[in-house]
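Undergrad: Just need the whole structure built from these sequences, with the hints factored in.
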Amino acid sequence: MIFFSNIWRNEKSREIIVQIFVLLCIGWFLSWLISNVDANFKALGKDISFEFLFIPAGYDINQYLIDYNNRDSHLRAGIVGLLNTGLVAVFGIILATVLGISLGIIRLSKNWLASKIAYWYIEFTRNVPILLHILLWHGIIINTLPHPRKALNLGDVTFLSNRGFYIPKPLTENGIELVYLFFVIALIFSVLFFKYAKKKQDLTGVQYPVFWINFTVLISLPLIAFFISGMPISLEIPALKGFNFRGGMHMSPELAALTFALGIYTAAFIAEIVRAGILAVDKGQREAAEAIGLKSSKVMKLVILPQARRVIIPPLTSQYLNLTKNSSLAIAIGYMDLVATLGGISLNQTGREMETMVIVMLIYLSVSLSISAFMNWYNNKVKLVGR
Amino acid sequence: MSTEMYKPGSYPNLPPPPGTVGFYGWIKSNLFSSISNSLLTIISVVLVYYLIDGIIGWFFFDAVFDADSKIECRKIDNGACWAVITRRVGQFVYGFYPEAERWRIDISFLTMFIAFAPLLYPDLPKRKWLLWFSGIYPFFAFVLINGGFFGLAKIEYSLFGGFMLTVILGVTGIVCSLPIGILLALGRQSKLTVVRTLSVCFIEFMRGVPLITLLFVASSMLNYFMPPGTNFSILVRVIIMFTFFSAAYIAEVIRGGIQAIPKGQYEAADALGMNYWQTTRFITLPQALKISIPGIMNTFIGLYKDTTLVVVIGLLDPLGIGRAALADTKWNGLSTETYLFVALFFFVSCFAMSRYSLWLENKLNTEHK
Numbered sequence: 274m275i276f277f278s279n280i281w282r283n284e285k286s287r288e289i290i291v292q293i294f295v296l297l298c299i300g301w302f303l304s305w306l307i308s309n310v311d312a313n314f315k316a317l318g319k320d321i322s323f324e325f326l327f328i329p330a331g332y333d334i335n336q337y338l339i340d341y342n343n344r345d346s347h348l349r350a351g352i353v354g355l356l357n358t359g360l361v362a363v364f365g366i367i368l369a370t371v372l373g374i375s376l377g378i379i380r381l382s383k384n385w386l387a388s389k390i391a392y393w394y395i396e397f398t399r400n401v402p403i404l405l406h407i408l409l410w411h412g413i414i415i416n417t418l419p420h421p422r423k424a425l426n427l428g429d430v431t432f433l434s435n436r437g438f439y440i441p442k443p444l445t446e447n448g449i450e451l452v453y454l455f456f457v458i459a460l461i462f463s464v465l466f467f468k469y470a471k472k473k474q475d476l477t478g479v480q481y482p483v484f485w486i487n488f489t490v491l492i493s494l495p496l497i498a499f500f501i502s503g504m505p506i507s508l509e510i511p512a513l514k515g516f517n518f519r520g521g522m523h524m525s526p527e528l529a530a531l532t533f534a535l536g537i538y539t540a541a542f543i544a545e546i547v548r549a550g551i552l553a554v555d556k557g558q559r560e561a562a563e564a565i566g567l568k569s570s571k572v573m574k575l576v577i578l579p580q581a582r583r584v585i586i587p588p589l590t591s592q593y594l595n596l597t598k599n600s601s602l603a604i605a606i607g608y609m610d611l612v613a614t615l616g617g618i619s620l621n622q623t624g625r626e627m628e629t630m631v632i633v634m635l636i637y638l639s640v641s642l643s644i645s646a647f648m649n650w651y652n653n654k655v656k657l658v659g660r
Numbered sequence: 065m066s067t068e069m070y071k072p073g074s075y076p077n078l079p080p081p082p083g084t085v086g087f088y089g090w091i092k093s094n095l096f097s098s099i100s101n102s103l104l105t106i107i108s109v110v111l112v113y114y115l116i117d118g119i120i121g122w123f124f125f126d127a128v129f130d131a132d133s134k135i136e137c138r139k140i141d142n143g144a145c146w147a148v149i150t151r152r153v154g155q156f157v158y159g160f161y162p163e164a165e166r167w168r169i170d171i172s173f174l175t176m177f178i179a180f181a182p183l184l185y186p187d188l189p190k191r192k193w194l195l196w197f198s199g200i201y202p203f204f205a206f207v208l209i210n211g212g213f214f215g216l217a218k219i220e221y222s223l224f225g226g227f228m229l230t231v232i233l234g235v236t237g238i239v240c241s242l243p244i245g246i247l248l249a250l251g252r253q254s255k256l257t258v259v260r261t262l263s264v265c266f267i268e269f270m271r272g273v274p275l276i277t278l279l280f281v282a283s284s285m286l287n288y289f290m291p292p293g294t295n296f297s298i299l300v301r302v303i304i305m306f307t308f309f310s311a312a313y314i315a316e317v318i319r320g321g322i323q324a325i326p327k328g329q330y331e332a333a334d335a336l337g338m339n340y341w342q343t344t345r346f347i348t349l350p351q352a353l354k355i356s357i358p359g360i361m362n363t364f365i366g367l368y369k370d371t372t373l374v375v376v377i378g379l380l381d382p383l384g385i386g387r388a389a390l391a392d393t394k395w396n397g398l399s400t401e402t403y404l405f406v407a408l409f410f411f412v413s414c415f416a417m418s419r420y421s422l423w424l425e426n427k428l429n430t431e432h433k
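Here the protein sequences line up with chains A and B, keeping their order. The opening position of the first sequence corresponds to residue 274 in my numbering, with each subsequent residue numbered one higher. The opening position of the second sequence corresponds to residue 65 in my numbering, with each subsequent residue numbered one higher.
In short, the hints are calculated from the structure, not lab data. Hints should not be assumed to be uniformly reliable.
[Claimed, not checked] Keeping only pairs whose Cα atoms sit at most 35 Å apart, straight-line, the calculated DSBU-like set for lysine-lysine is:
no., chain 1, residue 1, chain 2, residue 2
1, B, LYS139, A, LYS423
2, A, LYS574, A, LYS383
3, A, LYS568, A, LYS383
4, B, LYS354, A, LYS389
5, A, LYS568, A, LYS654
6, A, LYS285, B, LYS354
In this text, all values refer to a predicted model and were calculated from it rather than measured experimentally.
TA: Structure follows, in C-alpha cells:
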C-alpha cells in the first residue's frame, strides 16, 4: 500500500499514470464509436469506399470555371464546387477589404456625423446572422430587380436583372502578347526602381516619388503597347436577345447575393479590426511624428500604419478564413459550392455520408490549418524584437 | 481686445472665446473643422436624408399591416406588406407549439430573466437566494417546455420552432459551452502531453471546419456512431454540435486570457504552496476570464447568430418559418419584409448582449484610468 501511495505522491509518476488513464479512456471511447459504426453499417449492408468519386455525377451545375457536364465524375463535380467556393471567397474578400478599411477609417474620422453613420452601419450589419444577409440579398435580387427585358441599364454596357448581372467581357485578339510583354517589362522596372530608390535613400537621404513613377510606368507602358499593336482588346457587350441577355459576362443572382452578403457582413468586422489596430498605436507615436515635422500623410504611412499592421493582420486573416467558411452557407440559396456539390447532391445520390463529409471536412481543415500556419509564421516575423 | 491692466492676482474670470463652446462650438469642431470635413458632413446629411426619406416611408407610412395576401397589400398601398408577419406572428414566436400550451413557453421565458439576473449582475440584492433558483431553472424549464411530468402534455420536438427555438438553442449552447471551453483551454495549457495534444486536435478540428458540415454530420451521420437502435432527437444532436463548436472558440479566447497573466502570479501562487487546482481556481481563472470577457461574449453572440443555420437541416427556426411563409403563394415574393423582421429580432438581442458585455468589462476593469 505504501508503495502505491508513494507512486501517487511522486509528481512524475502521477503524471504518467494520469496520462495512461486518459489514453485508455479515449482509446476505449474511439473503439466504442468504431464498433458502433461497424455494427450499424453491417445492419444496413453498407461499406466504406471512395469508388463513387469516379462514377458519373449525373447532375448539372449552373456555374463552372472548368468544363463540366453531367456525365463527368463526382470528383470533377467536387472540384468545380471547390473552384466556385474559391471564386466567391475571392470576390467577397476584395469587397470586404475595400469596404471594411474605408468604414474603419470613417469610424475614426473627426467628423461626428460620418463616424456615427459608420458606427450604426457596423452595429446593424454584424448583429444580424450571415445566413439572413445571404437570404435577404438573394431575395432583393430575385424579387425586386426587374425582368431581363426591363433590366436596369447602366450606361448601355452593364445590366442588372433578376436573372443576374450582365457585364462586358474583355476579348483578346492577335497582338495581345505585346501588351503582356510590356506589362512584364514595366513590372520588372518598377521592382528594380523601388530597390534602387530605397538604397539611394538609405545612403544619401534623397527621396524619389517612387509610387507615382511606378504607377505611371505600370499604366502607360501596357497602354502604349495596346495602341501600337492596334488595340487587341475589345469588349463584348451583353445584348438582349429574346427573353434573356446573350454575350458578356454573367454573374448569377446566387453569386451576386453571396458576394454582397459575405462582403458586407465581413466588412463590419474588418472595420472594427482596422479601428482597433489604429487605436492600438500609442498616442505618443503620433505626437512624436508630428513634433519632428512629418506631414499628416507621412505620419500615417511611416509611423501609424506599420505599427498598426502588426495588430491588424492576424485577426484580418482569420476574418478572411471565416468568410471562406461562411461561403459554405451558399447551399441555402442554391449556389453550387463545395458543400452543395460533394456534400449535398453527391451525398444524396450516392448515400455515402461518411465518405463525402470526410472529404469536405478535410479540405476545409487543410485550408484552415495552412492559413493558420502562415499566420504563425507572419506573427513571428513581425513580432517586436525585445532588446 | 481690452488693454486694461490688472494687478497681479486680480485678473477676472473671462468667458471662453465665442465659437469654441456651446452649440456652435460643437458644430464647428465636430462637423465643419476643415474643408474636407465639411464636404463629408454634407455628403452624410444627403445620405441620411435619402435613407430616411426612402426607408421610413416604405417601413411605416406606406406600409400595410393587415391584408389577406400580397395582391391585396399592393392594392392598399405600395410600401412594405407586413401582413405576412402579422398573420403568422404566432408561428414566428412559438413555431408549431400547440396554441393551448403556449403559456408554458411564456412562463419559462419570463422566469429565464429571473434565473439569469443573479448570474449577470453580481451586485443584485438577495443574490444568494436567487442563485438557488438559477440552479434549478434548467430542470424547471425542461419540465415546463418539454412536458411529460406533473400532468403536462408531452410536446414533440418537431413542433418547436420560431424565436423560441432560437432562444432554446442559443441559451443551451451558451450555458453548456462555457465550462467545456474552460476545460479545453486548461487542457491546451496543460503540462501533460497527452491531454494537451488531445485538446489541440479537438480545438483545431472544430475551428477548422464550417459549422454547417458539423450540422450535416449531426443530422445524417451521428446515429451511425451510436449503438444500433439508439435514436435521439435531432434537437439534442444539434445542441451537442453547437456546444462543441462554440466551446472550441471559447477555449481559444480563454487561452489568450491565460497567456496574458503575468508569470509573477504563478510564481506567487507556487510560493504560497498552492497546488494546480487551487492556482487554477483562485489565481488563473478569475484573471483569465476577466480579460477574455469581450471575446467570450463575441463567441456567444456568434453562436446565437449561428443558430439560424439549423434551417439548412430542416428545423423551423424563424428563418425556416419565414421561408415556409414565402413558399405560400399568397405571400410569394415578400422576402425583404420577412427577412428584415427576423433581422430586427436578431439585432435587438445581439445588440443587447454586446452592450451588456461592454458594461461588465467596464465594471470589472480595475486598471487605473
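Undergrad: Run every hint past the structure and note whether it holds.
TA: Each hint, compared with the structure:
1. A C-alpha spacing of about 23 Å is found between LYS139/B and LYS423/A, which places the hinted pair at or below 35 Å, so the restraint holds.
2. For the hint pairing LYS574/A with LYS383/A, the CA-to-CA distance comes to about 19 Å; that is within 35 Å, so the pair holds.
3. Restraint check: the Cα-Cα separation between LYS568/A and LYS383/A comes to about 18 Å, which is no more than 35 Å; the hinted pair holds.
4. With a CA separation close to 29 Å, the supplied pair LYS354/B and LYS389/A stays within the 35 Å bound.
5. Straight-line distance between C-alpha atoms of LYS568/A and LYS654/A comes to about 29 Å, which keeps the hinted pair within the 35 Å bound.
6. In summary, the hint linking LYS285/A to LYS354/B is supported, as the alpha carbons are separated by about 32 Å, within the 35 Å threshold.
The structure meets every hint from the earlier list without exception.
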